[in-house]
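Use the sequences and the hints to build the structure in full.
There are 2 protein chains.
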Amino acid sequence: MAKAKNAFYAQSGGVTAVINASACGVIETARKHKGKIGKVYAGRNGIIGALTEDLIDTTKESAQAIRALRHTPAGAFGSCRYKLKGLQENKAQYERLIEVLKAHDIGYFFYNGGGDSQDTAHKVSQIGEQLGYPIICVGIPKTVDNDLPITDNSPGFGSVAKYVAVSIREAAFDVASMAKTSTKIFVMEVMGRHAGWIAAAAGLAAEKEGDAPQIILLPEVAFNEAAFLEKVDRTVKTCGYCAIVVSEGVHDANGRFLSESGLKDAFGHAQLGGVAPVIARLVKDKLNYKYHWAVADYLQRAARHIASKTDVAQAYAMGKAAVELALKGRNAVMPTIVRKSNRPYKWTVGVANLADVANVEKKMPADFIASDGFGITAKCRAYLEPLIQGEDYPPYKKGLPAYVKLKNVAVKKKLGTEFKV
Amino acid sequence: MAKAKNAFYAQSGGVTAVINASACGVIETARKHKGKIGKVYAGRNGIIGALTEDLIDTTKESAQAIRALRHTPAGAFGSCRYKLKGLQENKAQYERLIEVLKAHDIGYFFYNGGGDSQDTAHKVSQIGEQLGYPIICVGIPKTVDNDLPITDNSPGFGSVAKYVAVSIREAAFDVASMAKTSTKIFVMEVMGRHAGWIAAAAGLAAEKEGDAPQIILLPEVAFNEAAFLEKVDRTVKTCGYCAIVVSEGVHDANGRFLSESGLKDAFGHAQLGGVAPVIARLVKDKLNYKYHWAVADYLQRAARHIASKTDVAQAYAMGKAAVELALKGRNAVMPTIVRKSNRPYKWTVGVANLADVANVEKKMPADFIASDGFGITAKCRAYLEPLIQGEDYPPYKKGLPAYVKLKNVAVKKKLGTEFKV
Numbered sequence: 021m022a023k024a025k026n027a028f029y030a031q032s033g034g035v036t037a038v039i040n041a042s043a044c045g046v047i048e049t050a051r052k053h054k055g056k057i058g059k060v061y062a063g064r065n066g067i068i069g070a071l072t073e074d075l076i077d078t079t080k081e082s083a084q085a086i087r088a089l090r091h092t093p094a095g096a097f098g099s100c101r102y103k104l105k106g107l108q109e110n111k112a113q114y115e116r117l118i119e120v121l122k123a124h125d126i127g128y129f130f131y132n133g134g135g136d137s138q139d140t141a142h143k144v145s146q147i148g149e150q151l152g153y154p155i156i157c158v159g160i161p162k163t164v165d166n167d168l169p170i171t172d173n174s175p176g177f178g179s180v181a182k183y184v185a186v187s188i189r190e191a192a193f194d195v196a197s198m199a200k201t202s203t204k205i206f207v208m209e210v211m212g213r214h215a216g217w218i219a220a221a222a223g224l225a226a227e228k229e230g231d232a233p234q235i236i237l238l239p240e241v242a243f244n245e246a247a248f249l250e251k252v253d254r255t256v257k258t259c260g261y262c263a264i265v266v267s268e269g270v271h272d273a274n275g276r277f278l279s280e281s282g283l284k285d286a287f288g289h290a291q292l293g294g295v296a297p298v299i300a301r302l303v304k305d306k307l308n309y310k311y312h313w314a315v316a317d318y319l320q321r322a323a324r325h326i327a328s329k330t331d332v333a334q335a336y337a338m339g340k341a342a343v344e345l346a347l348k349g350r351n352a353v354m355p356t357i358v359r360k361s362n363r364p365y366k367w368t369v370g371v372a373n374l375a376d377v378a379n380v381e382k383k384m385p386a387d388f389i390a391s392d393g394f395g396i397t398a399k400c401r402a403y404l405e406p407l408i409q410g411e412d413y414p415p416y417k418k419g420l421p422a423y424v425k426l427k428n429v430a431v432k433k434k435l436g437t438e439f440k441v
Numbered sequence: 021m022a023k024a025k026n027a028f029y030a031q032s033g034g035v036t037a038v039i040n041a042s043a044c045g046v047i048e049t050a051r052k053h054k055g056k057i058g059k060v061y062a063g064r065n066g067i068i069g070a071l072t073e074d075l076i077d078t079t080k081e082s083a084q085a086i087r088a089l090r091h092t093p094a095g096a097f098g099s100c101r102y103k104l105k106g107l108q109e110n111k112a113q114y115e116r117l118i119e120v121l122k123a124h125d126i127g128y129f130f131y132n133g134g135g136d137s138q139d140t141a142h143k144v145s146q147i148g149e150q151l152g153y154p155i156i157c158v159g160i161p162k163t164v165d166n167d168l169p170i171t172d173n174s175p176g177f178g179s180v181a182k183y184v185a186v187s188i189r190e191a192a193f194d195v196a197s198m199a200k201t202s203t204k205i206f207v208m209e210v211m212g213r214h215a216g217w218i219a220a221a222a223g224l225a226a227e228k229e230g231d232a233p234q235i236i237l238l239p240e241v242a243f244n245e246a247a248f249l250e251k252v253d254r255t256v257k258t259c260g261y262c263a264i265v266v267s268e269g270v271h272d273a274n275g276r277f278l279s280e281s282g283l284k285d286a287f288g289h290a291q292l293g294g295v296a297p298v299i300a301r302l303v304k305d306k307l308n309y310k311y312h313w314a315v316a317d318y319l320q321r322a323a324r325h326i327a328s329k330t331d332v333a334q335a336y337a338m339g340k341a342a343v344e345l346a347l348k349g350r351n352a353v354m355p356t357i358v359r360k361s362n363r364p365y366k367w368t369v370g371v372a373n374l375a376d377v378a379n380v381e382k383k384m385p386a387d388f389i390a391s392d393g394f395g396i397t398a399k400c401r402a403y404l405e406p407l408i409q410g411e412d413y414p415p416y417k418k419g420l421p422a423y424v425k426l427k428n429v430a431v432k433k434k435l436g437t438e439f440k441v
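Those protein sequence lines, which keep their order, are chains A and B. So in this note's numbering, the last one in the first sequence is 441, and the numbering has no gaps at all. So in this note's numbering, the last one in the second sequence is 441, and the numbering has no gaps at all.
The set of hints was computed from the structure by calculation and includes no laboratory data. These figures come from a predicted structure and were not determined experimentally. All clues given are correct.
Here are the simulated lysine-lysine pairs, BS3-like style, with alpha carbons at most 30 Å apart:
id	chain 1	residue 1	chain 2	residue 2
1	B	K399	B	K228
2	A	K228	B	K427
3	B	K304	A	K105
Written out as structure tokens, the structure reads:
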């Protein structure tokens with residue numbers, strides 16, 4: 021019997037609260053099939069680890085440490101923002117990749133990421149056919165943006181959705197308390213450059229008309245200043261306060277991001293980032309209400325302490341399914357989440373071809389957005405609600421989450437050559 | 021036997037994740053002593069409710085609803101920012117207050133707030149002696165800023181401390197993952213205009229040299245740009261990334277807030293608030309590192325989902341103790357938290373005179389601040405650590421915390437007069 025081929029696993033793009041749960045699923049499942057999969061090597065900083073022969077030997081980690089990945093946020097092996105060019109455009113990259121894979125007897129390639137990363141995985145899956153190196157390449161879905169196609173939702177999204185809905189509910193209780201003599205407007209900025217899924221999820225905090233957030237600003241809807249100000253004013257007059265959630269990608273009718281709308285520092289440089297203060301200042305200037313604003317930024321996608329139990333389970337399941345697909349010899353695929361029913365929420369694992377996943381962006385459907393453009397519909401709520409169900413608290417030590425830091429022992433290099441990325 | 025006098029309870033100043041736990045302590049304890057305390061009336065929006073005869077009848081709330089206050093953030097009866105003037109300066113205010121208290125047969129006055137609020141409580145405590153209306157007035161400590169004197173710590177602080185330490189630990193895991201090809205600097209802005217207690221608490225996330233946050237900027241230390249940039253650069257070169265926590269009150273040697281350092285909008289107005297983007301932009305301009313920044317704002321003080329169990333217990337205990345002090349006839353006092361030992365952490369309830377509490381601000385001791393000014397000492401850690409111990413999760417419904425909204429039924433007005441506040 022031939023020696024079992026080793027596996028390569030890497031994390032790519034922006035990390036999430038549960039991408040390590042997928043890593044846990046990959047490694048634990050591979051360890052159960054030692055006769056068929058040899059060692060799991062992780063790429064240090066994603067695909068860059070493969071190109072530079074900077075591999076991490078996950079067999080040096082205890083079962084307990086790998087188990088702890090399930091409750092640890094961010095990318096335990098390091099991630100990267102690095103997109104491979106096409107096979108014909110930069111053949112040297114692929115030749116180097118093959119050189120490294122060959123040196124370490126790697127026959128399985130798992131790539132955990134969003135749209136760009138699935139494009140990379142797709143290209144790698146072709147090196148068998150086009151360059152003669154036999155590989156089984158399986159993508160593992162991950163993105164807080166929830167914009168991957170085919171899969172019903174993406175691991176990572178459910179937890180950020182839960183975080184933003186919890187956060188705006190809490191902050192709205194706060195501003196409601198203060199509104200009589202102080203703050204009347206609270207603005208919370210969330211991620212979502214192109215798609216408004218995260219901002220939409222904040223809408224789950226509102227159970228009935230008038231509940232916060234009363235206004236959600238989505239990148240799918242061109243910002244209408246007059247309609248916005250009218251709704252803010254009406255909300256304050258009706259509810260006593262107004263809680264606003266704004267997606268970082270909100271733009272005007274000309275496509276100009278609001279976050280770039282004219283703020284300059286003392287040297288005249290345009291200020292980078294931050295649409296929340298722009299919205300808050302607009303409300304102050306035009307309506308003269310006292311405001312507070314928050315920018316959640318990384319806090320939202322790293323918030324493992326308030327992760328969705330559903331999301332954790334799905335992230336783990338995607339890692340596990342990827343290994344199982346590989347063991348079946350399936351190349352150029354990605355496991356998916358398939359929704360069976362809303363109430364009760366039931367889901368199962370499906371499979372998509374990487375060719376159909378790569379570089380396709382799933383936007384919010386028009387019928388998920390309220391007719392006035394400032395909220396979500398019942399249909400959207402029915403889709404989102406299951407994804408934030410359940411709590412999956414990490415263990416705590418001295419009052420803080422006990423997240424694992426792996427040893428990340430490097431695999432001894434076998435190639436004498438360097439490669440510049 | 022004379023009819024038991026009614027009690028007035030109100031919330032004042034910025035709210036916290038646990039001020040309602042104090043309200044719960046007051047109301048539950050008062051309900052156990054019905055022969056001695058009649059009804060508990062809450063002021064709608066703090067002292068304003070008393071002045072405008074806008075009282076809430078808490079007897080209309082079920083035991084279950086009152087119990088739920090223990091796990092509900094912010095001020096259930098509404099808070100206010102409103103400071104009473106001195107008895108001689110604005111006698112009309114006090115005469116009106118007495119008129120309302122008399123009309124509703126109120127003999128106990130509980131005021132739940134920070135330094136300014138304890139000043140108000142102190143003034144009210146004097147109306148017996150100076151204006152002849154018999155009252156027992158007890159303050160209940162509350163402030164996220166932890167700047168009340170005499171009490172070892174203030175309810176509300178422990179939970180915000182836990183939130184910021186958890187958040188920076190999580191965000192640091194994120195930026196560490198991204199640092200190879202993307203973000204190297206993460207800046208998180210937290211509250212603390214005059215005292216750096218909250219920013220200091222973020223330091224609990226660092227267990228050993230090099231752990232995040234590597235830099236804490238406190239309002240107690242004048243900002244030294246050169247030393248700061250040197251440390252950022254050195255940290256990135258050593259750790260691969262740098263996590264920075266900045267207090268909103270950070271200022272330069274001339275006392276000028278960094279948040280006011282020259283950002284202007286298109287119309288030339290100074291931009292209000294946000295020191296995190298100022299710090300991030302400085303690092304970008306001078307060191308050219310890619311950055312992300314977050315502003316926690318209300319999210320930090322409303323975050324009941326990650327409240328400290330110790331803080332919740334102390335907040336409840338302060339409410340309970342206030343009623344017990346009142347039943348003993350103690351006027352012009354405030355219950356306090358007295359630390360008995362650090363390891364194991366033991367505390368008990370003490371008592372302070374309002375005259376000694378009002379308008380005194382407790383700053384961070386110099387020996388709590390690291391010699392380079394960018395972190396906390398072991399002594400500071402020993403003080404802070406017990407305050408974030410334990411989790412006290414709220415119940416969840418449909419994936420979100422089930423916070424209570426009270427009915428807040430108004431007490432029928434007995435006075436035909438209005439009072440302008």
